[in-house]
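S.K.: Taken in sequence, the protein lines are chains A and B.
When we follow the working numbering, the leftmost residue of the first sequence carries the number 233, and every step to the right adds one.
When we follow the working numbering, the leftmost residue of the second sequence carries the number 434, and every step to the right adds one.
It should be emphasised that the hints constitute simulated quantities derived from the structure, not laboratory data.
One or more of the hints may lead you astray.
Said to hold, decoys possible - Now the stretches of chain B that chain A is said to cover, found in silico as 3 or more residues with beta-carbon under 8 Å:
id	stretch
1	576-584
2	588-599
Unchecked claim - Dumping the calculated DMTMM-like pairs for lysine to aspartate or glutamate here, alpha-carbon to alpha-carbon at most 20 Å:
id	chain 1	residue 1	chain 2	residue 2
3	B	Lys533	B	Asp584
4	A	Lys345	B	Glu793
5	B	Lys876	B	Glu793
6	A	Lys334	A	Asp256
7	B	Lys876	B	Asp584
8	A	Lys259	A	Asp337
9	A	Lys345	B	Asp584
10	A	Lys259	A	Asp342
11	A	Lys334	B	Asp584
Don't be surprised by glycine CBs; every beta carbon is placed ideally from N, CA and C.
The lines below spell out each chain.
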Amino acid sequence: MNVLFALATGVMFGMGVFQLLRRDLIKAAMGFYILFAAINLLFLAVGAYDGTAPAYVDASNQPDGQPSDPLVQALILTAIVISFGSYALLLGFIAASSRRFKTVDSNELDHLKG
Amino acid sequence: MNALLLGPVFVPLLLAAISVVLARNRSLQQLLGLVGSVVAWLCSVGVLLANLQGETLVYRLGGWPPPFGIALVGDLLASLFAVMATTIVAAGVLYTVGCKDVAVTYPAFMPLFLCMGAGLSGALYTGDIFTLFVFIELTVLASVVLVAISDNRLGLEAAIKYLFISAMGTLFLLTGIAALYATFGTLNMADIGQLLAGGSRPLLAQAAAVMLMCAFLLKSAVFPFHFWQPDFHAAAPTPVSAILSSVVVKVGIYGLIRMTTLMFTAEAPLIHDLLVLLGVFGVFFGSLGALRTYDAKRLLAYSTFGQVGFILVGIGWGTAATLAAALVYVVNHSVIKAALLMLAGAIASRTATKTARLSELGGVGKVMPMTGVLYLLGGLALAGAPPLNGFVSKAALVLGGIDAQEWLILALVVGAGLITLLYMTRTWQLIFQQAPSGEVQLKPAGDRQIAPALLIGLCIVLGLYGGPLLDFAARTVAQLGDPQLYIRAVLGG
Numbered sequence: 233m234n235v236l237f238a239l240a241t242g243v244m245f246g247m248g249v250f251q252l253l254r255r256d257l258i259k260a261a262m263g264f265y266i267l268f269a270a271i272n273l274l275f276l277a278v279g280a281y282d283g284t285a286p287a288y289v290d291a292s293n294q295p296d297g298q299p300s301d302p303l304v305q306a307l308i309l310t311a312i313v314i315s316f317g318s319y320a321l322l323l324g325f326i327a328a329s330s331r332r333f334k335t336v337d338s339n340e341l342d343h344l345k346g
Numbered sequence: 434m435n436a437l438l439l440g441p442v443f444v445p446l447l448l449a450a451i452s453v454v455l456a457r458n459r460s461l462q463q464l465l466g467l468v469g470s471v472v473a474w475l476c477s478v479g480v481l482l483a484n485l486q487g488e489t490l491v492y493r494l495g496g497w498p499p500p501f502g503i504a505l506v507g508d509l510l511a512s513l514f515a516v517m518a519t520t521i522v523a524a525g526v527l528y529t530v531g532c533k534d535v536a537v538t539y540p541a542f543m544p545l546f547l548c549m550g551a552g553l554s555g556a557l558y559t560g561d562i563f564t565l566f567v568f569i570e571l572t573v574l575a576s577v578v579l580v581a582i583s584d585n586r587l588g589l590e591a592a593i594k595y596l597f598i599s600a601m602g603t604l605f606l607l608t609g610i611a612a613l614y615a616t617f618g619t620l621n622m623a624d625i626g627q628l629l630a631g632g633s634r635p636l637l638a639q640a641a642a643v644m645l646m647c648a649f650l651l652k653s654a655v656f657p658f659h660f661w662q663p664d665f666h667a668a669a670p671t672p673v674s675a676i677l678s679s680v681v682v683k684v685g686i687y688g689l690i691r692m693t694t695l696m697f698t699a700e701a702p703l704i705h706d707l708l709v710l711l712g713v714f715g716v717f718f719g720s721l722g723a724l725r726t727y728d729a730k731r732l733l734a735y736s737t738f739g740q741v742g743f744i745l746v747g748i749g750w751g752t753a754a755t756l757a758a759a760l761v762y763v764v765n766h767s768v769i770k771a772a773l774l775m776l777a778g779a780i781a782s783r784t785a786t787k788t789a790r791l792s793e794l795g796g797v798g799k800v801m802p803m804t805g806v807l808y809l810l811g812g813l814a815l816a817g818a819p820p821l822n823g824f825v826s827k828a829a830l831v832l833g834g835i836d837a838q839e840w841l842i843l844a845l846v847v848g849a850g851l852i853t854l855l856y857m858t859r860t861w862q863l864i865f866q867q868a869p870s871g872e873v874q875l876k877p878a879g880d881r882q883i884a885p886a887l888l889i890g891l892c893i894v895l896g897l898y899g900g901p902l903l904d905f906a907a908r909t910v911a912q913l914g915d916p917q918l919y920i921r922a923v924l925g926g
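So that you can see chain B by itself, here it is in the shape it has in the complex (with noise of 0.2 Å):
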């Protein structure tokens, strides 16, 4: 059983390289890269079936015992986030499939989404703080190629600018890892959660809780580290930034969520507060700067950094329910937001120049009523509208926030909020609705819909059965509440 939690790292890694020696067979490849998506999506929904039945999976590469061996853990924050990952990236696979870009001809693409694909599981399963560190470089070094091939030319520039901002983001984290292996000499998460709970905490460990804090947030794109988001994002092929504006971000997040709530439990108040601060910041400039963007993916992706303020003013709360909605928020943030990203890129591929600038397409939506439908769809979900599972998020963040009594935040949240709506229906309206201006040449085949349709599909379940996903986030929560769960889990005893 504990096996399973291989698959959805090894089994992308493996199809990587298998087709990478089948460059020359663009098919075979896509067929590897779908077999490989579903595999690692069968095998994380697998490892949250068993975390349902109480049970907290654990495999010790090599069969080396925790603390000395690095040891993949499934636990339900972990399986939550990874069963979005691979749902995500399996859509993105498919999207690829039907996509018209000359990128995805490319024989390194399919091997390098699968990469990114793997990347990003094991970031999240990895109970070992170094692998976490390996994890995540290979996520950011198979993107940041995928982002540099892309069709559009000013990929390269972005992938430049990335590369040259995770690499700030890396030295943050392996200086946060250094330091905490030199106080305490493991690299083990539940075991440096362990010894800290001890008590023992000398200064150099607390200046690793500022160093991984400041890692996680770039990451994620968190105001102040915000800036290289809109450009890297927007520039990538349309599968990519689909994954990357909905999946990779949260990984950031889910490094704040477990250092809080694992690690440094007692200095969580402190970051709490400080997460509040940022996400309020991000809140108001992600939305204010999709407002007034000039690009429909560009568009997407400042929202992006926008509900990731939310994400955070909900872990910032810190209570029991408002965690929970900052969870529940996550799944559906993602779902929402890789759906409106290929849909924009879908809209861009039909016109001559592959661009998705606004002052370009007034009016290309008019012969793709379905499109249109979907895209308005996603927005009002995006927005919070019922009975979308935007709104299930929102209301339980609001919910949260009540309960917490913090009046004057949740006013600036919800208040903030409401622009979401504002630039959502002014695109739908542009794109869709607007009579073309002069004569608009469109291809007449573009990028295959079935990938969104079927995300936009699972917004809509996700919003009349929301129960499901609220109570799994509080079970996820109540688990979380308790870190000896978790460490007694890994190091046994």
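Just chain A, with the same shape it has in the complex (with noise of 0.2 Å):
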């Protein structure tokens, strides 16, 4: 499991860095987008403890097994949210620049240089 979790993490991570270092910014945006999914992937893999069992229920009729990590979870439901609105506001900066620069490619997008 570990294995594939590491795999899966490493070819995210590729594939955004790709993405990011695009010129056009929307496809940018969705390496961006494509590094935080990975980041969150790397936090399930990172549980403090491999559980399979539900974490928090009765322990009248908790199954067997060693409960799942919650923590874990609750950080990646803030990272997902917190990922969520830069990934909004930045497409949102981005249709407004175009409209306002009339441009999406970050090689004219330069106005600041100097």
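Two chains, each in its own frame: build the complex with the hints.
M.R.: Here it is as structure tokens:
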């Protein structure tokens, strides 16, 4: 299972970095989101213990096996909310800048250079 | 008493929420902003006074005991940074009230400004590393929107740039947090510090140290992560750029100090060596960049890049005296830089096109003699002329360097520091002394300058009475020298 997680996280990081370095800002924004998804997967993989049973149930009908780690799930939820918010903002900015500067090419968006 | 820690974080957040509801009434919004920032400042000063009695305040959110729950911790280091942050944020709100920009009339401006302040205080007070990430993101997202709505139409471009860059910082931070959690199964910084001090030091934890360092260096815009900073800071609305360039870059410095004194104490010598190197790079590139730039606000942003280099060198030398000097430097630089950016913005607000380009500022200051005096005082303070506060921090740093016998670095840093004097006097002459070329069209009224005047006053006071701040920094360093004090205060026992 760990190998699978490692492979998936690695592939997603690679895809995200490749996509982030594209000139097209919209493709770069996709890379941004893929990278955050990779991080979320990483968090899922680093749960302090590999659990198979639900974490919070009545002690009387607690299923057998190690309870899963609820903290990483809480962390991932927080990270998803934040990354989704930033992604929405980023796309909004790109839309606004495509109207203001008439381009979504990051090479042409260099008015601040000097 | 411990509940005081909630003030600087949650009062601005609450008032931000209320001021969203009052979007139609701008003066009421601004009143709420002033109330929120002043209450936050009072609370942070209260925490500082409690610290001076020898207490370390710990507030357990929801009553959960650490290391399971999230704790807000107010020790001397956090208080020093937080009082600085709330002071500058309050000054920023005061400037906003008298600001003529179109951006400050948007209903979203004041809530976002308060969110930025709350995020800053939260990131400084939190004792939990994941909560640190949340508060840093709150600051980043609020500031990005504030820059995107800037009067400068290039603010949007700067916002896109910074959102991408800060996402990289966030990725580093999150990967570091994940590595720490995988190693120790805890997110509480005191707990992590205790486990690391206990001797368990797997490779993954060291990788986490590298990740956290990258994240903090990126937040502080240190070489080689600096390239976005002048763009982002110069394009921001004036009150926002004053906060960004003075306080927000210090959050990364705070993280570095916390990391090397609480968690990764064994790796600290290696990290320190690296910080000295990066600091010297910053001092040089920042000062030279400031010398050849074309825009007054951009010049000050480059200068931040240089001044952060001085602070890093102070931390990197690693003796108690230089670390204390770096802390004094942190406070003094924030006050000076916020004041100077506000003054530059106030000058720019008088020009017809609202630009801070040096080519259009020649002679603009002729009609603003008071601003000229303030700008000169600020520039001299930045360059480290006595009796202003910049002198106190530079002198403390140099004396510390002499004690540490780091002659080569000391010579390099002092040499580069002289460039500061060069570019500050040059722009002052250009703006206030030069005869205007041709007819200069000026607006009758610009931004009000109460906030920068107060900050420059603070510069003079901190320069003439530098003793208390130096003593306080020395006490802070003494407390940092024994991480067990922090760990025991948070975890109990």
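S.K.: Identify every previously stated hint that the structure contradicts and give their numbers, smallest first.
M.R.: none
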